[in-house]
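There are 2 protein chains.
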Amino acid sequence: MQEREGVPDLSIVFQSFVGYQKTEALRAAVDIDLFTAIGAGASTAQEIAARCGASERGVRILADYLVVHRFLTKERECYALAPAAAMLLDRASPACVASMVNFLASPQVMRGFARLTSAVRTGHAAGGDEALAPDHPMWVEFARSMAPLARMVAQLLANVLDAPAGGPCKVLDIAAGHGLFGITLAQQNPRAEIVAVDWTSVLALAEENARAAGVGERFRTLPGSAFEVDYGTGYDLVLLTNILHHFDVAGCETLLRKVRAALKPGGRAVTVEMVPDESRVTPPDAAGFALAMLAGTPSGDAYTFAEYERMARNAGFVRSELHDLVPSPQRAVISYR
Amino acid sequence: MQEREGVPDLSIVFQSFVGYQKTEALRAAVDIDLFTAIGAGASTAQEIAARCGASERGVRILADYLVVHRFLTKERECYALAPAAAMLLDRASPACVASMVNFLASPQVMRGFARLTSAVRTGHAAGGDEALAPDHPMWVEFARSMAPLARMVAQLLANVLDAPAGGPCKVLDIAAGHGLFGITLAQQNPRAEIVAVDWTSVLALAEENARAAGVGERFRTLPGSAFEVDYGTGYDLVLLTNILHHFDVAGCETLLRKVRAALKPGGRAVTVEMVPDESRVTPPDAAGFALAMLAGTPSGDAYTFAEYERMARNAGFVRSELHDLVPSPQRAVISYR
Numbered sequence: 000m001q002e003r004e005g006v007p008d009l010s011i012v013f014q015s016f017v018g019y020q021k022t023e024a025l026r027a028a029v030d031i032d033l034f035t036a037i038g039a040g041a042s043t044a045q046e047i048a049a050r051c052g053a054s055e056r057g058v059r060i061l062a063d064y065l066v067v068h069r070f071l072t073k074e075r076e077c078y079a080l081a082p083a084a085a086m087l088l089d090r091a092s093p094a095c096v097a098s099m100v101n102f103l104a105s106p107q108v109m110r111g112f113a114r115l116t117s118a119v120r121t122g123h124a125a126g127g128d129e130a131l132a133p134d135h136p137m138w139v140e141f142a143r144s145m146a147p148l149a150r151m152v153a154q155l156l157a158n159v160l161d162a163p164a165g166g167p168c169k170v171l172d173i174a175a176g177h178g179l180f181g182i183t184l185a186q187q188n189p190r191a192e193i194v195a196v197d198w199t200s201v202l203a204l205a206e207e208n209a210r211a212a213g214v215g216e217r218f219r220t221l222p223g224s225a226f227e228v229d230y231g232t233g234y235d236l237v238l239l240t241n242i243l244h245h246f247d248v249a250g251c252e253t254l255l256r257k258v259r260a261a262l263k264p265g266g267r268a269v270t271v272e273m274v275p276d277e278s279r280v281t282p283p284d285a286a287g288f289a290l291a292m293l294a295g296t297p298s299g300d301a302y303t304f305a306e307y308e309r310m311a312r313n314a315g316f317v318r319s320e321l322h323d324l325v326p327s328p329q330r331a332v333i334s335y336r
Numbered sequence: 000m001q002e003r004e005g006v007p008d009l010s011i012v013f014q015s016f017v018g019y020q021k022t023e024a025l026r027a028a029v030d031i032d033l034f035t036a037i038g039a040g041a042s043t044a045q046e047i048a049a050r051c052g053a054s055e056r057g058v059r060i061l062a063d064y065l066v067v068h069r070f071l072t073k074e075r076e077c078y079a080l081a082p083a084a085a086m087l088l089d090r091a092s093p094a095c096v097a098s099m100v101n102f103l104a105s106p107q108v109m110r111g112f113a114r115l116t117s118a119v120r121t122g123h124a125a126g127g128d129e130a131l132a133p134d135h136p137m138w139v140e141f142a143r144s145m146a147p148l149a150r151m152v153a154q155l156l157a158n159v160l161d162a163p164a165g166g167p168c169k170v171l172d173i174a175a176g177h178g179l180f181g182i183t184l185a186q187q188n189p190r191a192e193i194v195a196v197d198w199t200s201v202l203a204l205a206e207e208n209a210r211a212a213g214v215g216e217r218f219r220t221l222p223g224s225a226f227e228v229d230y231g232t233g234y235d236l237v238l239l240t241n242i243l244h245h246f247d248v249a250g251c252e253t254l255l256r257k258v259r260a261a262l263k264p265g266g267r268a269v270t271v272e273m274v275p276d277e278s279r280v281t282p283p284d285a286a287g288f289a290l291a292m293l294a295g296t297p298s299g300d301a302y303t304f305a306e307y308e309r310m311a312r313n314a315g316f317v318r319s320e321l322h323d324l325v326p327s328p329q330r331a332v333i334s335y336r
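Protein sequence lines correspond, in order, to chains Z and D.
Sequential numbering from 0 applies to the first sequence in numbering that gives the first Met the number 0.
Sequential numbering from 0 applies to the second sequence in numbering that gives the first Met the number 0.
Next up, chain Z with everything else stripped away, as it sits in the complex (with noise of 0.2 Å):
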């Protein structure tokens, strides 16, 4: 919330109210693949319209909405890509996310959000631990929206996890989703194995990639739940990414204490999360990260790295390291066995 010369403006709530409005452009655009019809020269709205096979009359208001959010540029009636647009947003850029839209703002989540008064007084999502059910289609979706992002990440804890250097390594990938995290560390070390867990029809993407990335024979799955599979033992490094947050305390712990049985000694769990400063209020995004877990889980937590470290050390490793994955907004922490 800004302020002009001293005065509060009115304009900062306005906008906060109708927030839901920025999230709904974004997502007709990338429906209609807007983004990618400028990217690939159509300029005026008629020109948009005709490429996107929408109407011009929806095509000129929502152009025009994305240029006063600064995704467009305008000059007279032709539109142009935004620097971020043009690398963010439109499906000919090898970094585009647009596909994140389907999740981060899915029905399912979106549900969550709709009962948020009741989550804040009550302390707990009614009906949160429903994506928790085994072989939620969320998860899917999750699984396939999600990819971009998580190619970019991965290669960012690829590289913290120096994984080119690397000699023989088994990997187990937990709740591995798309499982991108094991694919990549596998592409960049050719010694490494990965097993990963996931529900079954989440596996069968993750299986789709392995193969896409060639390294589908050395990418084995292990469907069922993070809590109840047999992991089997040995692994040089565990991955937890993007599942910790789902849980309470007691629930994280349970987990490490199973993740730790299956390391090797010397082994390390990892995981990738969202993690905000001791303060909880910065960096803005991990920071944020929170509500959704209050939105959407039973009690679940954006946890700080004390907490993370604290978990760990119940669960019985001996330490722990936190690593940026800038610029992505996500965090590892390193536990050693």
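Hints in this document: simulated from the structure, not taken from any laboratory.
By construction, the Cβ of each residue, glycine as well, lies at the ideal position given by its N, Cα and C atoms.
There could be a bad hint or two in this list.
Unchecked claim - Beta-carbon label-pair distances, calculated as ranges: (1) Gln45(D) - Met137(Z): 29 to 35 Å; (2) Phe226(Z) - Gln45(D): 29 to 35 Å; (3) Ser200(D) - Ser42(Z): 46 to 52 Å; (4) Asp128(Z) - Arg110(D): 48 to 54 Å; (5) Thr253(D) - Arg143(Z): 47 to 53 Å; (6) Ala164(D) - Asp276(Z): 54 to 60 Å; (7) Arg90(D) - Ala212(Z): 53 to 59 Å.
Unchecked claim - Over 10 Å on every C-beta distance to chain D, these chain Z residues come out as not near it, computed from the model: (8) Lys21; (9) Leu25; (10) Ser42; (11) Arg50; (12) Gln107; (13) Gly122; (14) Asp128; (15) Gln187; (16) Gly215; (17) Ala261.
To be verified - Which residues of chain Z face chain D? A partial, calculated answer using Cβ under 7 Å: (18) Phe13; (19) Tyr19; (20) Asp30; (21) Arg56; (22) Leu61; (23) Lys73; (24) Leu87; (25) Met99; (26) Gly287; (27) Ala289; (28) Leu293; (29) Pro297.
Based on the hints, put chain D in the right spot on chain Z.
Positioned in the frame of chain Z, the structure of chain D alone reads:
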């Protein structure tokens, strides 16, 4: 969409995809009256929770989110209101506009946005004429929720019209809603007489507001559709506040012709609206408003001054002028008979 040091900022895309979360966070905070509780001295999550009848965990996560988005500040575990929240969101403040969220993010309005892709494709909101049906309950919600903003805009308009200096003045307030535009003129000019047109259910609220403002005896009502009801004649002033944006150009011209016929020679029609500049992409609130018309009406729009001027001329008005109503996002178009 901004950039940091020339690198496209993933966070802006991420935050825009989850824009709806800001809406829901503010709605929840308004629902439990969190800003009022902090304004009254509650400071820690525990104290705020106790005063709001909410959970400490829920309040802690919500309040941290509101710090991230600068509605609150946080020092150690103590929260305080940012200046704009103190003025605009604490119900103890006379300028509080918190209730606006109940209309701006009402289920009806949000449903329209949830179908935005289809509106962009076809150029028209499917079911967008629903709200134009007689006595639709959304207009009672509008009249209640938007009254605090209307009070401010009505004062600014009364200044533009130089109401206190006025002699006898017969005012027709079309789609009066809360009635506050006419009521404010009646308060400032003791010789003003108001006739308010709206649906019966809405006029009950307007009459209540007129009595509370001490102008009940100079406030008459005329229930029915603005397009169908007999206005009578001899008006000095006809107010068209936030109504023309619902209709296409032909609809606006039809209404303006009817208005002109009800005016005395020398009389004025006063349109209060979100009026973007001719570029249609500034100022932000007015320009962005066109999207709400695409999502919520069959063929409404945020018209520019040139468009209002042309429509008024086609309806027989001799000239029109544009007045800002700063710091509100609205503007007034005064058209002379």
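request  = Identify every previously stated hint that the structure contradicts and give their numbers, smallest first.
outcome  = 4, 8, 9, 13 and 29
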